[in-house]
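Chemist: Chain by chain, the residues run as shown.
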Amino acid sequence: MKIALVSSISPFVYGGGRNIVEWLVPHLEEAGHQVEVIYLPFIDKREALFPQLTAYRTIDLTDQVDAVICFRPPSHLVRHPRKILWFIHHLRAFYDLWDTEYRGFPDDAAHRALRDAVRNVDNVALSEAARVFTNSAVVSRRLLQYNQVASEVLYPPVAEPERFHSAGSNGTVVCVARLEHHKRQHLLIEAMAHTSTEVRLRIVGTGSRDYVQSLAERVSELGVGDRVAVEDRWISEDEKVEVLSTCLASAYLPFDEDSYGYPSIEAALSRKATLTTSDAGGVLELVQDGRNGLIAEPTPVALAAALDRLASDQARTASMGEAAYDRLAELGIDWATVVNRILA
Amino acid sequence: MRIVFFTPVGAGSAIARVSVLVHRALVEQGVFVDVVGTDADVNGPRAMGFENALHWTDEPEVTAALEAAGDVVHQLGNSYFFHRGTIEWLPRTGGVICLHDFFLGSLFWEWSANGHEVEADRVLAEWYGSSLGDFYSLAASGSLISGTWPTVTFVEWLVCQADGVITHSDNHLTPLLEGTAAPVDVVAMPYDFDVRREPRGRDRAGRMQVLTFGAINRNKCAAEVIQAIGGDAELRNAVEYRLAGSIEDSERSLLSALADSNGVRLTILGPVSSVELANELDEADVVACLRNPSIEAASASAIEAMLTGKAVIVADTGFYSSLPRDSVLHARPEDLVGDVRRALHRVHDEPGLASELGERARGYALATFRADQYAARVVAMCELASRNRPFLSAVRATTERLGAWGMSVNSELLAPSRTVLDFFAIPARPAPPPVDG
Amino acid sequence: MKVMVANNMEPFVRGGAELLADNLVLHLREAGHEAELLRIPLSYRDWRTIPAQMVAARNFELANVDRLIALKFPAYLLRHEQKVVWLLHQYRQAYDLFDAGASDVPATPLGAEFRSIVATADSEALSEARAVFTNSSVTSQRLSRYNGLSSTVLPPPLNDPERFRGGDPAGYIFAGGRVNEMKRQSLLIQALAKTPSSVRLIIAGPPDSASTARELEALAVRLGVQDRVRLDLRFLTRDEVAELVNHATACAYIPVDEDSMGYVAMEAAQARKPIISCSDSGGILELARHAQTGWVCEPSASSLADAMTEATQRAPLSRKRGVAAYELWTSLDLSWEHTIQRLLA
Numbered sequence: 000m001k002i003a004l005v006s007s008i009s010p011f012v013y014g015g016g017r018n019i020v021e022w023l024v025p026h027l028e029e030a031g032h033q034v035e036v037i038y039l040p041f042i043d044k045r046e047a048l049f050p051q052l053t054a055y056r057t058i059d060l061t062d063q064v065d066a067v068i069c070f071r072p073p074s075h076l077v078r079h080p081r082k083i084l085w086f087i088h089h090l091r092a093f094y095d096l097w098d099t100e101y102r103g104f105p106d107d108a109a110h111r112a113l114r115d116a117v118r119n120v121d122n123v124a125l126s127e128a129a130r131v132f133t134n135s136a137v138v139s140r141r142l143l144q145y146n147q148v149a150s151e152v153l154y155p156p157v158a159e160p161e162r163f164h165s166a167g168s169n170g171t172v173v174c175v176a177r178l179e180h181h182k183r184q185h186l187l188i189e190a191m192a193h194t195s196t197e198v199r200l201r202i203v204g205t206g207s208r209d210y211v212q213s214l215a216e217r218v219s220e221l222g223v224g225d226r227v228a229v230e231d232r233w234i235s236e237d238e239k240v241e242v243l244s245t246c247l248a249s250a251y252l253p254f255d256e257d258s259y260g261y262p263s264i265e266a267a268l269s270r271k272a273t274l275t276t277s278d279a280g281g282v283l284e285l286v287q288d289g290r291n292g293l294i295a296e297p298t299p300v301a302l303a304a305a306l307d308r309l310a311s312d313q314a315r316t317a318s319m320g321e322a323a324y325d326r327l328a329e330l331g332i333d334w335a336t337v338v339n340r341i342l343a
Numbered sequence: 000m001r002i003v004f005f006t007p008v009g010a011g012s013a014i015a016r017v018s019v020l021v022h023r024a025l026v027e028q029g030v031f032v033d034v035v036g037t038d039a040d041v042n043g044p045r046a047m048g049f050e051n052a053l054h055w056t057d058e059p060e061v062t063a064a065l066e067a068a069g070d071v072v073h074q075l076g077n078s079y080f081f082h083r084g085t086i087e088w089l090p091r092t093g094g095v096i097c098l099h100d101f102f103l104g105s106l107f108w109e110w111s112a113n114g115h116e117v118e119a120d121r122v123l124a125e126w127y128g129s130s131l132g133d134f135y136s137l138a139a140s141g142s143l144i145s146g147t148w149p150t151v152t153f154v155e156w157l158v159c160q161a162d163g164v165i166t167h168s169d170n171h172l173t174p175l176l177e178g179t180a181a182p183v184d185v186v187a188m189p190y191d192f193d194v195r196r197e198p199r200g201r202d203r204a205g206r207m208q209v210l211t212f213g214a215i216n217r218n219k220c221a222a223e224v225i226q227a228i229g230g231d232a233e234l235r236n237a238v239e240y241r242l243a244g245s246i247e248d249s250e251r252s253l254l255s256a257l258a259d260s261n262g263v264r265l266t267i268l269g270p271v272s273s274v275e276l277a278n279e280l281d282e283a284d285v286v287a288c289l290r291n292p293s294i295e296a297a298s299a300s301a302i303e304a305m306l307t308g309k310a311v312i313v314a315d316t317g318f319y320s321s322l323p324r325d326s327v328l329h330a331r332p333e334d335l336v337g338d339v340r341r342a343l344h345r346v347h348d349e350p351g352l353a354s355e356l357g358e359r360a361r362g363y364a365l366a367t368f369r370a371d372q373y374a375a376r377v378v379a380m381c382e383l384a385s386r387n388r389p390f391l392s393a394v395r396a397t398t399e400r401l402g403a404w405g406m407s408v409n410s411e412l413l414a415p416s417r418t419v420l421d422f423f424a425i426p427a428r429p430a431p432p433p434v435d436g
Numbered sequence: 000m001k002v003m004v005a006n007n008m009e010p011f012v013r014g015g016a017e018l019l020a021d022n023l024v025l026h027l028r029e030a031g032h033e034a035e036l037l038r039i040p041l042s043y044r045d046w047r048t049i050p051a052q053m054v055a056a057r058n059f060e061l062a063n064v065d066r067l068i069a070l071k072f073p074a075y076l077l078r079h080e081q082k083v084v085w086l087l088h089q090y091r092q093a094y095d096l097f098d099a100g101a102s103d104v105p106a107t108p109l110g111a112e113f114r115s116i117v118a119t120a121d122s123e124a125l126s127e128a129r130a131v132f133t134n135s136s137v138t139s140q141r142l143s144r145y146n147g148l149s150s151t152v153l154p155p156p157l158n159d160p161e162r163f164r165g166g167d168p169a170g171y172i173f174a175g176g177r178v179n180e181m182k183r184q185s186l187l188i189q190a191l192a193k194t195p196s197s198v199r200l201i202i203a204g205p206p207d208s209a210s211t212a213r214e215l216e217a218l219a220v221r222l223g224v225q226d227r228v229r230l231d232l233r234f235l236t237r238d239e240v241a242e243l244v245n246h247a248t249a250c251a252y253i254p255v256d257e258d259s260m261g262y263v264a265m266e267a268a269q270a271r272k273p274i275i276s277c278s279d280s281g282g283i284l285e286l287a288r289h290a291q292t293g294w295v296c297e298p299s300a301s302s303l304a305d306a307m308t309e310a311t312q313r314a315p316l317s318r319k320r321g322v323a324a325y326e327l328w329t330s331l332d333l334s335w336e337h338t339i340q341r342l343l344a
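Protein chains in written order, with numbering that gives the first Met the number 0: chain H, 0 to 343; chain E, 0 to 436; chain L, 0 to 344.
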């Protein structure tokens, strides 16, 4: 089949939104399909919203490909009789963030009109789709609640999962993720001031200068520099595999994220347990407390207790890591499942 | 809900009197309304109820009102004198247009002649493939309406700026529907009856007063009424025909001469105040409310006359055809003089007929032309318009862009863009149930 | 700089413009910039849908981009403060192809309205640009004639000049590039039939259709030259093409009214091979200069036959003209480095 993968992008911004598209390509090709990736620019700017939506709607791929898979909004507006959505998120300001401080514009008649118009547009576009998949139960719930659309959760795997492996434990809990406030590496550092075991913490990633600086300052203020390493640098894929392979466990505790995030999967593929918090959102679709990881209250003291648990019973931690690996199979987080389901 | 309500507020405007009622009904329904007078003359006497309205020239106050309000409504009719403010503000405000006339040629003409010739020329080219020169020739020849209506209506250049349109009859909807992508609703025009004014019995034995009121021009068919009376000896004796409202000198001379030569008793009052008009209506036995052609969506005059419980004669065309035959007398446009004569003769001959017709007309008008129902539909249209605004802005932006590249408004090449844009139109919710009471 | 290159795309269609766009991005990155390719699905299938697509191009928003380089209609309608157009294609069906009676756009009032819309939009979009470059003088001339706009010719460089090192001639004339009617490989075969038996021809390149390939084969047989012409009608790898060019005696490239200089001619010149072309070949004549860098013939079998014979039989002459072709080519200083400097100036 000839398949087009269509998604919106921000120029020169790479990462999750594009990975899900690009990692799918070789697997579809392996299954015998011809794949074309179509990226269209999009900026989440209120005044320019409708004109961009009409531009997307103008795109008609009928008779040019056999199927279209759409990812990030508003790519789901393009026209094709066999449109499959792997719906990764709404334009959230008009949905679940409407009644929050994150809306970004006033709740007046003009913006309500825009909100209603966006929801109307989404409803129609969603109803045109042959299949609707999402990347997490959180997004599926929102589709049902706001658009009355049922969808199937199709968890996105990482590229070349076979790279990851386990090579024992060095007693260090690692957090390999972007260094940003809502990823909450600062909570982990706070926690390290309350631990009582020899557990060590290693934080690796790139991020905003202000946040990174605040992390370094906190380490210093708390005097935990002997057990905590903060490495503000980009890490290669190979090095990430290596770092995960030797860690005690992985920590990933973003605030209320839609999906579980690649760090959770990478840890599970490396047969490592994940430490997270009760308010992390999508991570909790993967992590089950005491079974394949630990879920703590989002406080330094609770996290410290969890860190200590991981360190003090290493055998238990290792077997939780094995269970984390098995969990992936349970949830069908693999490329074969994706290829089978998405074109079913 | 908060609305900025653009309307004539001058005492001479029938639409202003309608607006007073709509305004009252909106307020009763809990809507906050800022009224902005659209009359060209800022200093003229105002209709009762609008003494404190803003004027369209009060730029800062109007702007402030617009910023505070969520919705805008424009009352629009075929007169630059009454609706100048709407033309000035509509491009900025958009909003819901309550369209009172299906023909806006006079409005267009006066607007053009008041310093907008370049824009008028462009409108003519874009919408009608014509030019200002052609238009002025036609207007000067006195055959503006007959030379254009119903093919060319001059409605499109304004309604294309609306987010919603309410009109009062479905007789000439096609150009309207072609001129705008906005939702269009047909609602019976509102009117209320001043409860203090009970209809008085007529007892002027043998004598009959016939009244025509409003701006007395060709379209009001006063000449046909004079000829109708003049062709019947009994009517010549019995009838006094009175004309109340502004009148051009040329028309005054023409009608006076016609009355003289036909032996008809004619009194031309010229412009009258609201009180004087109320008295005239009181004293009249029959109201001749003829229009040919009928360009209004609905007639405030006819409704007013019906609400006073008078026998009303109308031309059997347009909005007037929808008025019930057992309550209102209809005269066919192809034989206006003859039918008017026969109608007046009937009223003269049958003693109780006038009050019987008047009673039924009043009942019909009270049931149909209700301000509370109208206000509810205005509110519903404002909501629909508001929800459609993003879509309509997109439509406008697209047609402007293509227009700037040289595409004509009716081009076939617009079709693929229309298909794309139609996807974004918000489906209308069903109209709200009628208001009780 | 963050440079976005904008092109149209049709799924699974890849031609010279796509190759150029990829190479532009590659070389931008090599020059130290961040570069990304935007490929907007824009379909010419039904000309009546084009105005809507033009509006769409105008409505896209490009944030976080320092410089936009747009290559084709309607991609160059995209809005950006720092837009540079490297014009490979206007919508020729609205211009010269219409005049030549070879357009989808009909000669009706609607067609005229459409062509006027395209011309107006083109003028607007191209005037907005910081600079307008074109890929050839032919493209520039058309832009001037139809839109009254001036532009600078910036021919696309060779993507892999290092492959075309040249080498000892093995005695054949090489005709590379796409194989179709416009490129007139059949005329070369007809010319071959008028040459002595020492003249040999290799035609190698992707045919537009299977029937094109069959017709050429049949022609060779019909004219009795099948033993002197090798037909290798498929996509060749760059190494295969280079091999054939590097050991040719001369390179023949005789398309009808080509827009640009032609990669085939550029590769020949890079490899120090003389070029055989025709007087009506358009942009090729910027490199193919008669008696200087090769032979420019009448578009007839006999004229071409004379050139092919002379090239084969007079090796020193061929070599000399090949060197001259190389010198002319390098004097144009068409490198990616230089090109990018011009585009980002």
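Hints are computed from structural coordinates only; laboratory data are not their basis. Positions of the beta carbon are idealized from the N, C-alpha and C atoms, including for glycine. A few of these clues could be false.
To be verified - Between beta-carbon pairs, the in silico distance windows are:
(1) E:Ala124 to L:Arg47: 16 to 26 Å
(2) H:Ala109 to E:Ser321: 54 to 64 Å
(3) L:Asp207 to H:Glu46: 20 to 30 Å
(4) L:Ser143 to E:Glu116: 30 to 40 Å
(5) E:Thr173 to H:Gln144: 54 to 64 Å
(6) L:Ser143 to H:Gln144: 25 to 35 Å
(7) H:Gly15 to L:Ala30: 26 to 36 Å
(8) L:Thr119 to H:Glu46: 56 to 66 Å
(9) E:Ser142 to L:Arg47: 47 to 57 Å
(10) H:Glu46 to E:Ala403: 16 to 26 Å
(11) E:Thr150 to L:Asp207: 25 to 35 Å
(12) E:Ala414 to H:Phe104: 48 to 58 Å
(13) H:Ala109 to E:Arg217: 17 to 27 Å
(14) L:Arg47 to H:Trp233: 48 to 58 Å
Chemist: All the hints need checking, so say for each whether the structure fits it.
Modeler: Structure-based check of each hint:
1. E:Ala124 to L:Arg47: 16 to 26 Å: Holds, at about 23 Å.
2. H:Ala109 to E:Ser321: 54 to 64 Å: 37 Å, violated
3. L:Asp207 to H:Glu46: 20 to 30 Å: 46 Å, violated
4. L:Ser143 to E:Glu116: 30 to 40 Å: Hint holds: Cβ distance 37 Å, inside 30 to 40 Å.
5. E:Thr173 to H:Gln144: 54 to 64 Å: Since the Cβ atoms of E:Thr173 and H:Gln144 sit about 43 Å apart, the hinted range of 54 to 64 Å is violated.
6. L:Ser143 to H:Gln144: 25 to 35 Å: At 59 Å between Cβs, range violated.
7. H:Gly15 to L:Ala30: 26 to 36 Å: Hint holds: Cβ distance 29 Å, inside 26 to 36 Å.
8. L:Thr119 to H:Glu46: 56 to 66 Å: 25 Å, violated
9. E:Ser142 to L:Arg47: 47 to 57 Å: Hint violated: Cβ distance 39 Å, outside 47 to 57 Å.
10. H:Glu46 to E:Ala403: 16 to 26 Å: With Cβ atoms ~19 Å apart, the hint holds.
11. E:Thr150 to L:Asp207: 25 to 35 Å: 53 Å, violated
12. E:Ala414 to H:Phe104: 48 to 58 Å: Cβ of E:Ala414 to Cβ of H:Phe104: about 34 Å, so the range 48 to 58 Å is violated.
13. H:Ala109 to E:Arg217: 17 to 27 Å: Once the Cβ atoms are compared, 45 Å apart, the range 17 to 27 Å for E:Arg217 and H:Ala109 is violated.
14. L:Arg47 to H:Trp233: 48 to 58 Å: 50 Å, holds
Comparing the model with each earlier hint shows violations of hints 2, 3, 5, 6, 8, 9, 11, 12, 13; every other hint is respected.
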